[in-house]
Every structure is written in structure tokens, then in C-alpha cells.
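Chemist: Take a look at the letters that make up each chain.
2 protein chains.
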Amino acid sequence: MKQVTIFCDAKFGESALALLAEGVAPHELVFPQTPAASVLENSQADPAFARADIACGQPDIESIRQSDRLRWIHLTSAGFTRYDTAEFRALTAARDLIVTNSSSVYAEACAEHVFAFMLADARRLPLALQTRTESGTPEWLHLRNAASSLRGQSVVILGFGAIAAHLVKLLAPFEMKIVAMRRTRRGDEGVAIVTPGQLPAALATADHVVSVLPGNADSHHFIDARRLAAMKRGAAFYNIGRGTTVDQHALLEALRSGQLDAAWLDVTEPEPLPPDHPLLREPNCFITPHVAGGQRDESEALVRHFLENLRGFLAGSPLRDRIM
Amino acid sequence: MKQVTIFCDAKFGESALALLAEGVAPHELVFPQTPAASVLENSQADPAFARADIACGQPDIESIRQSDRLRWIHLTSAGFTRYDTAEFRALTAARDLIVTNSSSVYAEACAEHVFAFMLADARRLPLALQTRTESGTPEWLHLRNAASSLRGQSVVILGFGAIAAHLVKLLAPFEMKIVAMRRTRRGDEGVAIVTPGQLPAALATADHVVSVLPGNADSHHFIDARRLAAMKRGAAFYNIGRGTTVDQHALLEALRSGQLDAAWLDVTEPEPLPPDHPLLREPNCFITPHVAGGQRDESEALVRHFLENLRGFLAGSPLRDRIM
Numbered sequence: 001m002k003q004v005t006i007f008c009d010a011k012f013g014e015s016a017l018a019l020l021a022e023g024v025a026p027h028e029l030v031f032p033q034t035p036a037a038s039v040l041e042n043s044q045a046d047p048a049f050a051r052a053d054i055a056c057g058q059p060d061i062e063s064i065r066q067s068d069r070l071r072w073i074h075l076t077s078a079g080f081t082r083y084d085t086a087e088f089r090a091l092t093a094a095r096d097l098i099v100t101n102s103s104s105v106y107a108e109a110c111a112e113h114v115f116a117f118m119l120a121d122a123r124r125l126p127l128a129l130q131t132r133t134e135s136g137t138p139e140w141l142h143l144r145n146a147a148s149s150l151r152g153q154s155v156v157i158l159g160f161g162a163i164a165a166h167l168v169k170l171l172a173p174f175e176m177k178i179v180a181m182r183r184t185r186r187g188d189e190g191v192a193i194v195t196p197g198q199l200p201a202a203l204a205t206a207d208h209v210v211s212v213l214p215g216n217a218d219s220h221h222f223i224d225a226r227r228l229a230a231m232k233r234g235a236a237f238y239n240i241g242r243g244t245t246v247d248q249h250a251l252l253e254a255l256r257s258g259q260l261d262a263a264w265l266d267v268t269e270p271e272p273l274p275p276d277h278p279l280l281r282e283p284n285c286f287i288t289p290h291v292a293g294g295q296r297d298e299s300e301a302l303v304r305h306f307l308e309n310l311r312g313f314l315a316g317s318p319l320r321d322r323i324m
Numbered sequence: 001m002k003q004v005t006i007f008c009d010a011k012f013g014e015s016a017l018a019l020l021a022e023g024v025a026p027h028e029l030v031f032p033q034t035p036a037a038s039v040l041e042n043s044q045a046d047p048a049f050a051r052a053d054i055a056c057g058q059p060d061i062e063s064i065r066q067s068d069r070l071r072w073i074h075l076t077s078a079g080f081t082r083y084d085t086a087e088f089r090a091l092t093a094a095r096d097l098i099v100t101n102s103s104s105v106y107a108e109a110c111a112e113h114v115f116a117f118m119l120a121d122a123r124r125l126p127l128a129l130q131t132r133t134e135s136g137t138p139e140w141l142h143l144r145n146a147a148s149s150l151r152g153q154s155v156v157i158l159g160f161g162a163i164a165a166h167l168v169k170l171l172a173p174f175e176m177k178i179v180a181m182r183r184t185r186r187g188d189e190g191v192a193i194v195t196p197g198q199l200p201a202a203l204a205t206a207d208h209v210v211s212v213l214p215g216n217a218d219s220h221h222f223i224d225a226r227r228l229a230a231m232k233r234g235a236a237f238y239n240i241g242r243g244t245t246v247d248q249h250a251l252l253e254a255l256r257s258g259q260l261d262a263a264w265l266d267v268t269e270p271e272p273l274p275p276d277h278p279l280l281r282e283p284n285c286f287i288t289p290h291v292a293g294g295q296r297d298e299s300e301a302l303v304r305h306f307l308e309n310l311r312g313f314l315a316g317s318p319l320r321d322r323i324m
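Taken in order, these protein sequences are the chains called A and B. Last residue of the first sequence: 324 (my numbering), numbering continuous. Last residue of the second sequence: 324 (my numbering), numbering continuous.
Next comes chain A alone, as it looks inside the complex (with noise of 0.2 Å):
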């Protein structure tokens, strides 16, 4: 095997270097003179660049295009921003230069707490790690009958990335009728697919309502009353895309008059809601602080996630989170 030489500018830490060092190996592992300050710095011109055949972490954009050896670019964020533009795509797609970003790290964490917020719910955890009842009390069947299984329920997803993707994998043994909203049916999906057009009818029968829906102009409110209504009554609502895209004062609505049954929520507007926000005080609304993406071991997963996309590349099998 031919070896190539990676340049890597992302802030590791010292197990995630190890990580790093040990699934690269044989192939040349440099790193620049000045590191950067984190995994989503911008890091400056280093001279080691101009020997990388491919560049981890978020490469300066002088340097790639002066560099003629630069095959691959690994970003180590979901976000792209500084590289999403008409001549850096015009570049890429001149010099046959891969463009992957991490997405799937975060969407993994994503996908793990909206799920781990399913299961609280189905299970009534909030409630139960309240209750110091006694067995038998009707207090305590009454509890006990609230819980049910996610099996066989219903949920409908709105937005379909790579966080949905992975909830669909994370539901598989729990045989859930599973139906997203995207607005381009691509046919990869591996579920039913539903335009907006067509959601009312899909949220009418819906035990669980997950948005992953990103903030832009079209997504504002786009959890509204009208949809709020469309739902089934008693379902449960969920989101960990943006707080933008509910009207909350028809969720507050929906919540109060038991059109939905509970909602949890990440995200919400502004964050952190102002401490005297009806929301804070609903008693089936459950909160986190926008901390969906975080885990613990982020950089080994960002490690592990680069090392997945190097044997592929290495393998010339098409990568994961390719965006250009």
C-alpha cells in the first residue's frame, strides 16, 4: 500500500492522539507548528501542509489552494460555513478534491437523546424518579399502567439527515411504523417518505412526533397550531432542531388543553427560556439546554469517525458525510 501523509490540525487531546496515531499507522501522521485552539478553529498556513495528501481537523483555505498534492479534507465539525462557498465548491470540483465534515458524530449524540427522551417517556421517568409510592396503592398502579412500550407505536419524523438515519437504526427492534418528512423524496431513505403537503394526514395518526428540522425561513414556526391540531390526541412531541421552528405559544396551548400528551424539548427560543416562561412551569413539558450534540468522549468519536472515512478512502469505497 502507497503511503500517504496526513495533516491534522484539529485540538485532540492526548487519548484521541493515541487513537489517532495507532489507526493511521503506517501511513504519516504531521501536524502544524501553531495547533489550534479547538476541533472548530480555523488553523492557520503551516509549511507541513504542502506534503499532505489529505488534511483533518478545519484546513486553511490559502493552503489548500495552493497545494497540489491534497486529496481529501476531513472537516471536524458538522458545520461548514467558511468552506460554503461558490469558488471553494468551483475549486473542489476542479481538482477532483473530497470534501467530508463530521455530522454524523453529532448527529450520533442527536439521535441518542432524542431517543433516550423517547424512552423517558414511554417509561414515565420523570414522574417515577418522583414517586416514593407504595406497590399496590392505586397511586402506584396508576403509574404503573402510564407507562407503555414503544413497540409497534407510531412516530413520525420531520426533516430526514443523518440524525433521523440514525434514530431509525437506534428504533429498528422496537417495530415502530416509522414516516419522515422530507421535501425530496430520494428514494435511500429506508422509510416512508411524506412531503409537507402530505403530513397532516401522517401526524393524525402519530404516537410520537420527533422534529430534527434545521432554523431557516422556511422551517420558522413551522410547528404551528394548525399542525398542532393535525396531530392525534396525546401524542408526544419532540425537538432537537431549533427552537425557531415551534410556535410556542400554540405548544403551550396543545400542552395545556391535552392535545399533546407531554413535550421535550432541546431547543427552544430564546435559550435558556426567561426563568418566568410558561413553558418552565408546564408539567409535561421536559427541557435540556440544548446539549443534544454533546458527549463525553467527542474527540475520540471525531477520531473514529476520521479513521472510518481513511480506510475507505484508502479503499476507494465512497466516503461517509461527503458534502462536496
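It is worth saying that the hints were derived from the structure and are not from the lab. Remember, predicted model here, so these are calculated numbers, not experimental data. Using N, Cα and C, we set each Cβ at its ideal position, and we do this for glycine too. One should not assume that every hint holds.
Claimed, not checked - Pairs of lysine to any residue, SDA-like flavour, derived with a Cα cap of 25 Å:
id: 1; chain 1: B; residue 1: K2; chain 2: B; residue 2: A78
id: 2; chain 1: B; residue 1: K169; chain 2: A; residue 2: A172
id: 3; chain 1: A; residue 1: K169; chain 2: B; residue 2: R71
Stated by the list, open to error - Cβ pair distances, simulated, as ranges:
id: 4; chain 1: A; residue 1: R185; chain 2: B; residue 2: E189; range: 35 to 45 Å
id: 5; chain 1: B; residue 1: H220; chain 2: A; residue 2: P283; range: 49 to 59 Å
id: 6; chain 1: A; residue 1: F31; chain 2: B; residue 2: R226; range: 39 to 49 Å
id: 7; chain 1: B; residue 1: A25; chain 2: A; residue 2: R132; range: 41 to 51 Å
id: 8; chain 1: A; residue 1: R51; chain 2: B; residue 2: A146; range: 35 to 45 Å
id: 9; chain 1: B; residue 1: G23; chain 2: A; residue 2: A201; range: 19 to 29 Å
id: 10; chain 1: A; residue 1: F31; chain 2: B; residue 2: R233; range: 29 to 39 Å
We have chain A; now place chain B onto it with these hints.
Modeler: This is chain B only, laid out in the frame that chain A set:
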């Protein structure tokens, strides 16, 4: 297909009965003149019983003895104490009578409950749900980085029956390293099995230790100071078996010293714990009041389980949860 007659004395609600009627067609479904008080209640002798090929519910033992048609008894409970006698076992053996119970139905709820515990622990849900912190603050970063993914982590399951088997199925998408402890390996477990003697080595590397041990003389205080010390520092411990299997004083010490990162208990000794019990004040001890087996649609789940077995019975395949 030859039509069979099914005698059902289980007290099911309307929707479960509809599911049953739809599912057994075109076979005959007969009910007793006096309905049972619950799905767990022993029923009375009934004239319709003599025509039954199959009995579903809690059939009267004397009626079973007198029937010369009956071929299969399906109990709507997990427990079967009243049938668990040498005399009754001899009767079923002599007549080739199949007896199944509904342990899988309760097992699924129990497995989902402990799975919800594991995900809530990984995503730090109790803390995250209490935190109204602002994105970008040090507290927020700390919370975000405290979350971890179950993916690739290791779990030891103490006891391997229907609950453990279902839990293994639910964990599949997480690609965890799973080891189960069982006194006698059968070879069909689908996961690595260790005996109690081999347990300390397995405990030393497990991120999660899940106990589903039943309460008996062998399991009394099985989780003691010695086994807690054998666990990996910072592991999480879960108990949905019986409270008597844990030395709670040793558990408290393990939580206080940081040897355990968290304990999630659906069972304690006694239940509930007295209000001044120190485990109730331990910040990383999360307790639900013996509700792991509960579920909203218990009757429907019991019917679905019976119908699955009915298809097997009619096809001559092995039945699930066969106890005799």
C-alpha cells in the same frame, strides 16, 4: 385448516378483546358465563371449557383435568405458582399438554425500563432536565461533555432470561460489548456468557452492570462490597431484579466514594425505602418504585403474545415462553 376452539377466561378490555377476536378468526372463541376478575385471577369451572382445544387465561385446574380435548394452555401471567406442582406437571406430561406463560410480555416492559435507565444515564437526563443554563457557559460545556454514547461501551448483565434476551435485542444498534452471567451456559444466548466465578474479570471492564437477578437464597446480597469493588471505577449499576440481591449499605458506600458513578434502581429493600433512607438523598441514586413491568396496553400486549403463539401452535412450531 381444521377449526379449533379457544376458551378465553382472561378479563380483557374492549380493544384487547377486539384484537383477540380479529386475530383468532376463523377459529372459534368461547368465553365463560362468569368472567374472571382480572388477567391474573383463577377462573371457575365452566361448561364451555369441555369443547376447548386451547385455554387462554388462568384456567381452572379441575376443568383441565376433566377435559379430553385440551392440547394447549396459555397463561396470561408470568407467575404460575398454582400450576407449578408435581401433580400438574405429571398430568401435562401424560397428556402431551403444552403450557406457556406470558413472561415475555412483562419481560419486554422490564427490558425497556432498564434500557430507558441506561440511555437517561448516558445522556445525563436527570441533571439536564433540571438545568436552565445558558449555552456557552462553563456549566453548560460541562453538562454537554458529561453525556456519553452507549455505542461501543460494555455491559455486564447479571442473570440471563427473557428480560436479558430482550435487552440484548434492544441494545443491538449500539454495538456494545455484552457479557451475561448465567449459572449454566446453554449455548443459545447469542452473547458471551460468564459463570459467577468468572464474573470479577468481566466486572472490571464494564461501563454498565445490569442486574435482573430474581430474589432467592442464592442471590441474597449478590451485589456486595466485594463485587462492587471488582467493578470498573465510575461504572453505572442498574437493578430491576429484586431489592434483596443488593447490599444497600455497600451500594451507598460505592456511590459516595465514586467507585460507582450512578445507581438506577427499580427495586429496593424494603419497598418503598423509609423516607429517611440515605439512598433517597444520594444525588446519583435514581429510584423508580417497582414499575419496570408496567405498561398502558398490558391486555393488548398479552393478546398479541397469545396470537403469536397461536400461529406457532397451528403451524406446529415451537411456542414462546413454554414452561411445561
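Chemist: Now tell me if each hint is right for this structure.
Modeler: Status of each hint after checking the structure:
1. The hinted pair formed by B/K2 and B/A78 fails the criterion: a straight-line CA distance of about 30 Å is larger than 25 Å.
2. The straight-line distance between the Cα atoms of B/K169 and A/A172 is roughly 10 Å, inside the 25 Å bound, and the hint therefore holds.
3. Restraint check for A/K169 and B/R71: the C-alpha separation of about 41 Å exceeds 25 Å, so the hint is violated.
4. Between A/R185 and B/E189 the beta carbons are some 41 Å apart, a value that agrees with the proposed interval 35 to 45 Å.
5. Checked against the hint of 49 to 59 Å, the pair B/H220 and A/P283 fails, with Cβ atoms roughly 40 Å apart.
6. Range check, A/F31 to B/R226: about 46 Å between beta-carbon atoms, so the 39 to 49 Å window is met.
7. Judged by the Cβ atoms, the range 41 to 51 Å given for B/A25 and A/R132 holds: they are separated by roughly 46 Å.
8. Range check, A/R51 to B/A146: about 39 Å between beta-carbon atoms, so the 35 to 45 Å window is met.
9. Range check, B/G23 to A/A201: about 27 Å between beta-carbon atoms, so the 19 to 29 Å window is met.
10. Checked against the hint of 29 to 39 Å, the pair A/F31 and B/R233 passes, with Cβ atoms roughly 32 Å apart.
Hint violations for this structure: numbers 1, 3 and 5, all remaining hints satisfied.
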